[in-house]
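Residue numbering for the sequence shown is -22 to -1, 1 to 629, as defined by mature numbering (1 follows the signal peptide of the UniProt record, and there is no 0).
Don't read these hints as lab results, they were simulated from the structure. A few of these clues could be false.
For lysine-lysine, the following PhoX-like pairs were computed, each having C-alpha atoms within a straight-line distance of at most 20 Å [unchecked claim]:
id	residue 1	residue 2
1	124	169
2	186	35
3	181	169
4	243	347
5	35	169
6	124	9
7	213	158
8	35	343
9	294	343
10	158	294
11	486	465
12	589	563
13	35	624
Please read these numbers as outputs of a predicted model, since none were measured by experiment.
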Amino acid sequence: MRKILILSAVATLAIAAPDVMLEEVSVSAQKIDENASEVAAAVSVLDEKELRLRETKDLNGLRSVSSNLSFLQGGGISLFIMRGVTSDYAFDSPNVGLYLDGVSYLGTYGNYVFLEDIERIEILKGPQSALYGKNAYAGVINAVSKAPTNEPQAKIGLKLGKDSLRGISFSAGGAIVKDKFLASFTGFSEKKNGFMYNENLNKSDDYKDALYGKIYFRFLPTDELTVDLIQNHYKIANGAQRSNLPNATDRTRYANGIEGKENAKNYEASLKAEYRFSDYALTSLTTFRDYKNDSSYDGDHRPASLLDVYYKEDRKDFTQEFRFSADNAYGKFVLGAAAGATQRDVRSSVNSVMFGGIRSLQNNKTRSKNYGVFTHNEIYLPLDFSVILGARFDKDRVKFQNRMRGENLSDSYSALSPKIGLKYAINDEVTAYASVSKGYKPGGFWAASPTSKKWYDKETMTSYEVGVKGAWERFELGAAVFRADIKNKQVVSVIVAPNITVAENAGKARSQGFEFDAATLLTDGLKLSANLGYAKSVFKDYKDAQGDYSGKYVYYAPRLTYGAGLSYEAPSGFYAAAFLRGQSKFYTDKANVVENAGYATVDAKVGFNHKNTNVYIYANNLFDKDHDVKYATMHYLSDPREIGVKFEYKF
């Protein structure tokens, strides 16, 4: 009876507010502007308001914002898991394509992405290799910065919080030449003490220190031509990684012999020129990223130097893309060509009394080049049907130098990633679709292999999806069922127990399930959202010297993810929001021995925004729920509850 009364009250609120409407959202992740509710794929969008209410500042803030989306972080590794499709972080090749203003984050190590002054984040599920090529294997997350306008504006912010959190932020923008040359700047500095305690050094040494800046220039020389130049730069100077031994008496205390560190620098730039004429557009997108990392950590968490690890990485990525697009009475059409190059140098060593001092682990140089051509088309048919036809052909070449062994290796591969789909507009509000698409992950070299077979080939996935989505004035809904069949799965296999390994294409896997995302405006200013995803991801064929893992769950992939949010914004300027994020248990090993329990966390915010002043109190992980990532030999600690207050002033 209580449930019936609650549902009746919700319905009454909705009926009583006929003039309240959800805003239409345009997305560009399919490389052409289109309404999110009309895209023949599962799409979730977080606009600027939603990001602000959620206090979403980095990748961890995207966890469970959409169904079947989880995030794994620990030891410098960042991995998105989408629809149960995962990857071993050792391959440095993510399953989900991550793009910030067109700049691709190709690796899995040290991917700090600061979501400052972002207009929207688009989440596309299912293989997007037909448009993006490699690393869009399970889906794409596309972040778009807020463009400058003619309106002059500036804002300063001050933040204080738990563990001596202190931060200052500043942004400004406007017209340098009205209607012709616009610019904006966003920057912040934030520091925070740690919550771990090093008993050997008698201090807390897991501090955080970040410095960030973004400059956005927009040139409008003619009504048809728009040129955007966006530059991002950050500097990280963090202390020890937040990890401990599984048998630690107190998870927040260790006795490290060295004070760990993580120093990272990143510069990236994107230059986009778009010329629009009639129903057509010509686009050039050039991107560059220069990333450096210098880290160290105590792998044994003891005073003696048993496993002190030192790691350095220098990575440069360059891409160039040209495309032609059309949006007319016959459909939407995209045709393009792209090229890219990556240079990656990795050096690592260990200091251990067992080895008699410092011993090199890696000294590798990798050079790769990629060339691709692609097309993606939606062709309008009679009776409100559309057919989706897309494909991309890629050619990749990889050169690898193992300077420790004097090895110089090279290999190449090609990949065809097709997509076909059918869309039916049931009415003005509801669309149904079905699609089949193929994606791939790039091949490479495994430096640790003791055999002559160091090359592992690309991994491929064929995905089948049927979905329906609807968008009404006060309610929106998306639901889908899917199945993904993976072949040539890239795995790290044991060839001589316990620790002689080789990378190979030895496995098959399958992930299948369903998902549901919905949002409604109950009344003016009051929004309710919810999502639920289920993905059963298992190995179908995989064995090595340690055993047969067929039928085991794929590591890192929770079967269930869920989220909910309730937010209210009053005309007076008062606002409040609360968001639930959760997932079921998962494993971090292929034998399904090391189990990580399911968990749920709650974030909350209360604030007041009036005229030029905005002040709010927020709490992330409000109930201080531990959800450490646990491996057999190491646990990586989750962030504890963070409570803070922020003051912003516009002028």
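Checked hints:
no.	hint	verdict
1	124 / 169	25 Å, violated
2	186 / 35	15 Å, holds
3	181 / 169	17 Å, holds
4	243 / 347	24 Å, violated
5	35 / 169	14 Å, holds
6	124 / 9	17 Å, holds
7	213 / 158	32 Å, violated
8	35 / 343	33 Å, violated
9	294 / 343	12 Å, holds
10	158 / 294	32 Å, violated
11	486 / 465	5 Å, holds
12	589 / 563	46 Å, violated
13	35 / 624	14 Å, holds
Checked against the numbered hints given earlier, the structure breaks hints 1, 4, 7, 8, 10 and 12 and satisfies all the rest.
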